[in-house]
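Letter by letter, the sequence shown follows residues -9 to 86 in our numbering.
Simulated from the structure, these hints should not be mistaken for lab results.
Check each hint, because a few of them may be wrong.
Okay, the calculated beta carbon distance ranges per label pair [unchecked claim]: (1) LEU3 x GLY26: 15 to 23 Å; (2) PRO73 x THR48: 40 to 48 Å; (3) ARG83 x LEU25: 20 to 28 Å; (4) GLU80 x VAL0: 21 to 29 Å; (5) MET37 x GLU80: 35 to 43 Å.
Idealized CB from N, CA, C, for every residue including glycine.
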Amino acid sequence: NMLIAAAPGVLWLKRGAQDNSRRGASMGLAIVILLGTINTFLPGANMWVLALPEVFDTPVFYFTGVVFVAIAAFNLYRLSTLPPKTRTEEMPRPVW
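Build out the structure end to end from the sequences listed, making use of the hints.
Written as C-alpha coordinates, this is what we have:
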(Lines of atoms letter the chains of each structure in order from A and count residues from 1; the text may use other names and numbers.)
(Lines give C-alpha, C1' and ligand atoms only; values in the text may rest on other atoms or scores of the structure.)
Protein backbone atom coordinates (compact mmCIF):
# COMPACT_ATOMS: atom_id res chain seq x y z
CA ASN A 1 0.00 0.00 0.00
CA MET A 2 2.96 2.35 0.27
CA LEU A 3 3.41 2.32 -3.50
CA ILE A 4 -0.33 2.65 -4.03
CA ALA A 5 -0.40 5.66 -1.69
CA ALA A 6 2.49 7.44 -3.39
CA ALA A 7 2.79 6.45 -7.06
CA PRO A 8 -0.61 7.45 -8.51
CA GLY A 9 -0.27 10.90 -6.96
CA VAL A 10 2.93 11.53 -8.91
CA LEU A 11 1.16 10.65 -12.16
CA TRP A 12 -1.93 12.69 -11.23
CA LEU A 13 0.16 15.75 -10.36
CA LYS A 14 2.06 15.45 -13.64
CA ARG A 15 -1.15 15.17 -15.67
CA GLY A 16 -2.80 17.94 -13.67
CA ALA A 17 0.12 20.27 -14.37
CA GLN A 18 -0.07 19.53 -18.10
CA ASP A 19 -3.85 19.73 -18.60
CA ASN A 20 -4.97 21.66 -15.50
CA SER A 21 -7.79 19.14 -15.06
CA ARG A 22 -8.61 15.84 -13.36
CA ARG A 23 -8.65 14.03 -16.69
CA GLY A 24 -6.96 10.65 -16.23
CA ALA A 25 -7.49 10.70 -12.47
CA SER A 26 -10.35 9.85 -10.14
CA MET A 27 -11.47 11.41 -6.87
CA GLY A 28 -13.16 8.11 -6.01
CA LEU A 29 -9.92 6.19 -6.44
CA ALA A 30 -8.01 8.77 -4.39
CA ILE A 31 -10.52 8.35 -1.54
CA VAL A 32 -10.26 4.55 -1.69
CA ILE A 33 -6.45 4.78 -1.65
CA LEU A 34 -6.54 7.05 1.41
CA LEU A 35 -8.94 4.73 3.28
CA GLY A 36 -6.93 1.65 2.29
CA THR A 37 -3.70 3.23 3.48
CA ILE A 38 -5.28 4.18 6.80
CA ASN A 39 -6.55 0.61 7.16
CA THR A 40 -3.12 -0.84 6.37
CA PHE A 41 -1.45 1.05 9.21
CA LEU A 42 -4.33 1.07 11.73
CA PRO A 43 -2.79 0.34 15.15
CA GLY A 44 -3.74 -3.05 16.55
CA ALA A 45 -6.27 -3.87 13.84
CA ASN A 46 -4.39 -4.38 10.59
CA MET A 47 -3.50 -7.77 9.16
CA TRP A 48 0.26 -7.22 9.37
CA VAL A 49 0.29 -6.53 13.10
CA LEU A 50 -2.16 -9.36 13.77
CA ALA A 51 -0.05 -11.83 11.75
CA LEU A 52 3.45 -10.85 12.96
CA PRO A 53 3.25 -8.46 15.89
CA GLU A 54 6.93 -8.90 16.77
CA VAL A 55 7.88 -7.51 13.34
CA PHE A 56 5.17 -4.98 12.53
CA ASP A 57 4.01 -3.68 15.91
CA THR A 58 6.89 -1.19 16.06
CA PRO A 59 7.18 2.60 16.10
CA VAL A 60 8.92 2.54 12.69
CA PHE A 61 5.93 0.77 11.11
CA TYR A 62 3.49 3.30 12.54
CA PHE A 63 5.71 6.26 11.62
CA THR A 64 5.82 4.93 8.06
CA GLY A 65 2.04 4.75 8.18
CA VAL A 66 1.75 8.38 9.24
CA VAL A 67 4.02 9.44 6.38
CA PHE A 68 2.13 7.50 3.71
CA VAL A 69 -1.30 8.47 5.02
CA ALA A 70 -0.13 12.09 4.77
CA ILE A 71 1.04 11.49 1.19
CA ALA A 72 -2.30 9.89 0.24
CA ALA A 73 -4.20 12.76 1.91
CA PHE A 74 -2.08 15.33 0.06
CA ASN A 75 -2.74 13.57 -3.25
CA LEU A 76 -6.49 13.68 -2.55
CA TYR A 77 -6.29 17.35 -1.58
CA ARG A 78 -4.22 18.29 -4.63
CA LEU A 79 -6.56 16.38 -6.93
CA SER A 80 -9.55 18.18 -5.41
CA THR A 81 -7.99 21.57 -6.23
CA LEU A 82 -7.89 20.77 -9.95
CA PRO A 83 -10.89 21.70 -12.12
CA PRO A 84 -13.34 18.82 -12.59
CA LYS A 85 -13.34 16.67 -15.70
CA THR A 86 -15.24 18.10 -18.64
CA ARG A 87 -17.74 16.25 -20.78
CA THR A 88 -16.45 15.04 -24.10
CA GLU A 89 -17.92 12.99 -26.90
CA GLU A 90 -16.05 9.91 -25.72
CA MET A 91 -16.85 10.62 -22.05
CA PRO A 92 -20.40 12.05 -21.84
CA ARG A 93 -20.68 11.45 -18.08
CA PRO A 94 -17.20 11.72 -16.54
CA VAL A 95 -16.59 10.02 -13.22
CA TRP A 96 -15.58 12.60 -10.65
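### CB-CB spacing for VAL0 and GLU80 relative to the 21 to 29 Å hint
25 Å, holds
### Query
Taking 40 to 48 Å as the hint, is the beta-carbon distance of PRO73 and THR48 inside that range?
42 Å, holds
### Query
Is the gap between the beta carbons of MET37 and GLU80 within 35 to 43 Å?
40 Å, holds
### Message
For the hint 20 to 28 Å, verify it against the beta carbon of ARG83 and that of LEU25.
### Response
24 Å, holds
#### Entry: Outcome for the supplied range 15 to 23 Å, where the beta carbon pair is LEU3 and GLY26
20 Å, holds
No hint from the list above goes unmet by this structure.
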